[in-house]
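Novice: Sequence:
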Amino acid sequence: MSRIPDAHDDSYERFMRGPALLREALAGTDPATLNRRPPGEDWSMRDVVIHLADSELVAAVRIRLLLAGDEPVLPIYDPDVWKRKLLYVFRDPEAAMSAFQQVRYGAAELLRECSPDAWERAGNHPQVGVVTVADLVLRGADHVDEHVAQLQAMRGVSG
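Numbers 1 to 159, taken from the working numbering, label the letters of the sequence shown in order.
Simulated from the structure, these hints should not be mistaken for laboratory data.
One thing to keep in mind: the hints can contain errors.
So the derived label-pair ranges between C-beta atoms look like this [stated by the list, open to error]: (1) D6 / L67: 16 to 22 Å; (2) D117 / P39: 22 to 28 Å; (3) A27 / T132: 33 to 39 Å; (4) G156 / P5: 20 to 26 Å; (5) A122 / E13: 18 to 24 Å; (6) P5 / D42: 34 to 40 Å; (7) A32 / P5: 42 to 48 Å; (8) G69 / D9: 22 to 28 Å; (9) P31 / P5: 38 to 44 Å; (10) D117 / D78: 29 to 35 Å; (11) S98 / E146: 18 to 24 Å.
Heads up, the beta-carbon is just placed ideally off N, CA and C, and yes, glycines get one too.
Start from the sequences, fold in the hints, and give me the full structure.
Specialist: Here it is as C-alpha coordinates:
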(Lines of atoms letter the chains of each structure in order from A and count residues from 1; the text may use other names and numbers.)
(Lines give C-alpha, C1' and ligand atoms only; values in the text may rest on other atoms or scores of the structure.)
Protein backbone atom coordinates (compact mmCIF):
# COMPACT_ATOMS: atom_id res chain seq x y z
CA MET A 1 0.00 0.00 0.00
CA SER A 2 1.39 3.38 -1.01
CA ARG A 3 1.99 5.85 1.78
CA ILE A 4 2.49 8.85 -0.46
CA PRO A 5 0.79 11.84 1.20
CA ASP A 6 -2.11 13.15 -0.88
CA ALA A 7 -0.47 16.57 -1.08
CA HIS A 8 2.54 15.02 -2.85
CA ASP A 9 0.84 12.37 -4.97
CA ASP A 10 1.01 14.42 -8.19
CA SER A 11 4.71 15.25 -7.86
CA TYR A 12 5.46 11.61 -6.94
CA GLU A 13 3.62 10.34 -10.04
CA ARG A 14 5.54 12.84 -12.20
CA PHE A 15 8.76 11.73 -10.47
CA MET A 16 7.96 8.12 -11.38
CA ARG A 17 7.27 8.99 -15.04
CA GLY A 18 10.72 10.55 -15.51
CA PRO A 19 12.52 7.48 -16.89
CA ALA A 20 9.75 6.73 -19.40
CA LEU A 21 9.67 10.37 -20.55
CA LEU A 22 13.42 10.32 -21.08
CA ARG A 23 13.29 7.09 -23.10
CA GLU A 24 10.44 8.45 -25.23
CA ALA A 25 12.35 11.66 -25.93
CA LEU A 26 15.34 9.67 -27.19
CA ALA A 27 13.57 6.84 -29.02
CA GLY A 28 15.09 6.31 -32.46
CA THR A 29 17.80 8.93 -32.04
CA ASP A 30 20.94 7.95 -33.94
CA PRO A 31 24.44 8.32 -32.43
CA ALA A 32 25.39 11.24 -34.67
CA THR A 33 22.37 13.22 -33.50
CA LEU A 34 23.13 12.39 -29.87
CA ASN A 35 26.60 13.89 -30.23
CA ARG A 36 25.71 17.00 -32.23
CA ARG A 37 25.44 20.32 -30.43
CA PRO A 38 22.80 22.64 -31.84
CA PRO A 39 24.06 26.09 -32.86
CA GLY A 40 24.74 28.24 -29.83
CA GLU A 41 24.49 25.31 -27.40
CA ASP A 42 27.27 23.99 -25.17
CA TRP A 43 25.54 20.69 -24.52
CA SER A 44 24.71 17.79 -26.83
CA MET A 45 21.83 15.38 -26.30
CA ARG A 46 24.38 12.89 -24.96
CA ASP A 47 25.57 15.47 -22.42
CA VAL A 48 22.01 16.07 -21.23
CA VAL A 49 21.34 12.35 -20.73
CA ILE A 50 24.60 11.83 -18.82
CA HIS A 51 23.84 14.94 -16.75
CA LEU A 52 20.44 13.54 -15.79
CA ALA A 53 22.03 10.29 -14.60
CA ASP A 54 24.71 12.08 -12.59
CA SER A 55 22.21 14.56 -11.19
CA GLU A 56 19.94 11.70 -10.13
CA LEU A 57 22.79 10.18 -8.12
CA VAL A 58 23.18 13.45 -6.22
CA ALA A 59 19.41 13.75 -5.73
CA ALA A 60 19.24 10.22 -4.32
CA VAL A 61 21.97 11.03 -1.80
CA ARG A 62 20.20 14.27 -0.85
CA ILE A 63 16.93 12.42 -0.21
CA ARG A 64 18.72 9.87 1.96
CA LEU A 65 20.55 12.57 3.89
CA LEU A 66 17.26 14.31 4.63
CA LEU A 67 15.55 11.10 5.71
CA ALA A 68 18.40 9.88 7.90
CA GLY A 69 19.95 13.10 9.21
CA ASP A 70 18.99 16.09 11.27
CA GLU A 71 18.94 19.23 9.13
CA PRO A 72 21.88 18.12 6.97
CA VAL A 73 23.78 20.37 4.60
CA LEU A 74 23.12 18.95 1.15
CA PRO A 75 25.89 18.47 -1.41
CA ILE A 76 26.11 20.70 -4.46
CA TYR A 77 27.96 20.34 -7.75
CA ASP A 78 28.65 22.29 -10.92
CA PRO A 79 27.09 20.54 -13.94
CA ASP A 80 29.53 22.17 -16.38
CA VAL A 81 32.53 21.00 -14.36
CA TRP A 82 31.10 17.50 -14.13
CA LYS A 83 30.44 17.45 -17.88
CA ARG A 84 34.05 18.29 -18.57
CA LYS A 85 35.85 16.38 -15.82
CA LEU A 86 33.62 13.31 -15.86
CA LEU A 87 34.11 12.94 -19.62
CA TYR A 88 30.51 13.06 -20.77
CA VAL A 89 31.68 12.97 -24.39
CA PHE A 90 32.87 9.37 -23.90
CA ARG A 91 30.06 8.04 -21.71
CA ASP A 92 27.36 5.67 -22.92
CA PRO A 93 23.92 7.30 -23.02
CA GLU A 94 22.14 3.92 -22.81
CA ALA A 95 24.06 3.06 -19.63
CA ALA A 96 23.23 6.52 -18.29
CA MET A 97 19.51 6.04 -19.00
CA SER A 98 19.59 2.68 -17.22
CA ALA A 99 21.42 4.17 -14.25
CA PHE A 100 18.97 7.07 -14.13
CA GLN A 101 16.03 4.68 -14.12
CA GLN A 102 17.46 2.41 -11.43
CA VAL A 103 18.41 5.27 -9.12
CA ARG A 104 15.06 7.03 -9.65
CA TYR A 105 13.06 3.86 -8.98
CA GLY A 106 15.19 3.10 -5.92
CA ALA A 107 14.35 6.51 -4.49
CA ALA A 108 10.68 6.03 -5.37
CA GLU A 109 10.61 2.70 -3.56
CA LEU A 110 12.09 4.32 -0.47
CA LEU A 111 9.61 7.21 -0.64
CA ARG A 112 6.64 4.83 -0.83
CA GLU A 113 7.64 3.43 2.56
CA CYS A 114 8.17 6.77 4.29
CA SER A 115 5.74 8.24 6.76
CA PRO A 116 3.95 11.44 5.75
CA ASP A 117 6.12 13.33 8.26
CA ALA A 118 9.27 12.12 6.51
CA TRP A 119 8.27 14.08 3.40
CA GLU A 120 8.64 17.28 5.44
CA ARG A 121 12.13 16.50 6.76
CA ALA A 122 14.36 19.42 5.83
CA GLY A 123 17.97 20.30 5.28
CA ASN A 124 20.03 23.17 3.93
CA HIS A 125 20.95 23.44 0.28
CA PRO A 126 23.82 25.97 0.14
CA GLN A 127 22.49 27.58 -3.06
CA VAL A 128 18.73 27.35 -2.47
CA GLY A 129 18.24 27.38 1.28
CA VAL A 130 15.93 25.10 3.22
CA VAL A 131 14.54 22.16 1.21
CA THR A 132 12.37 19.21 2.18
CA VAL A 133 12.08 15.70 0.81
CA ALA A 134 8.86 16.83 -0.90
CA ASP A 135 10.75 19.73 -2.50
CA LEU A 136 13.38 17.34 -3.88
CA VAL A 137 10.74 15.08 -5.39
CA LEU A 138 9.07 18.04 -7.10
CA ARG A 139 12.44 19.39 -8.26
CA GLY A 140 13.34 15.94 -9.60
CA ALA A 141 10.13 15.77 -11.62
CA ASP A 142 10.59 19.33 -12.91
CA HIS A 143 14.24 18.67 -13.77
CA VAL A 144 13.35 15.78 -16.05
CA ASP A 145 10.49 17.71 -17.66
CA GLU A 146 12.82 20.63 -18.41
CA HIS A 147 15.48 18.42 -19.96
CA VAL A 148 12.98 16.34 -21.93
CA ALA A 149 11.70 19.58 -23.47
CA GLN A 150 15.31 20.55 -24.17
CA LEU A 151 15.99 17.17 -25.81
CA GLN A 152 12.86 17.45 -27.95
CA ALA A 153 13.91 20.92 -29.09
CA MET A 154 17.44 19.72 -29.81
CA ARG A 155 16.10 16.78 -31.74
CA GLY A 156 13.95 19.11 -33.81
CA VAL A 157 17.00 21.23 -34.66
CA SER A 158 19.35 18.28 -35.19
CA GLY A 159 17.07 15.73 -36.77
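Novice: Now tell me, hint by hint, if it's right for this structure.
Specialist: Results of checking the hints against the structure:
no. : hint                   : in the structure
1   : D6 / L67: 16 to 22 Å   : holds (20 Å)
2   : D117 / P39: 22 to 28 Å : violated (49 Å)
3   : A27 / T132: 33 to 39 Å : holds (34 Å)
4   : G156 / P5: 20 to 26 Å  : violated (38 Å)
5   : A122 / E13: 18 to 24 Å : holds (23 Å)
6   : P5 / D42: 34 to 40 Å   : holds (39 Å)
7   : A32 / P5: 42 to 48 Å   : holds (45 Å)
8   : G69 / D9: 22 to 28 Å   : holds (25 Å)
9   : P31 / P5: 38 to 44 Å   : holds (43 Å)
10  : D117 / D78: 29 to 35 Å : holds (33 Å)
11  : S98 / E146: 18 to 24 Å : holds (21 Å)
When the structure is compared with the earlier hints, violations turn up for hints 2, 4 and for no others.
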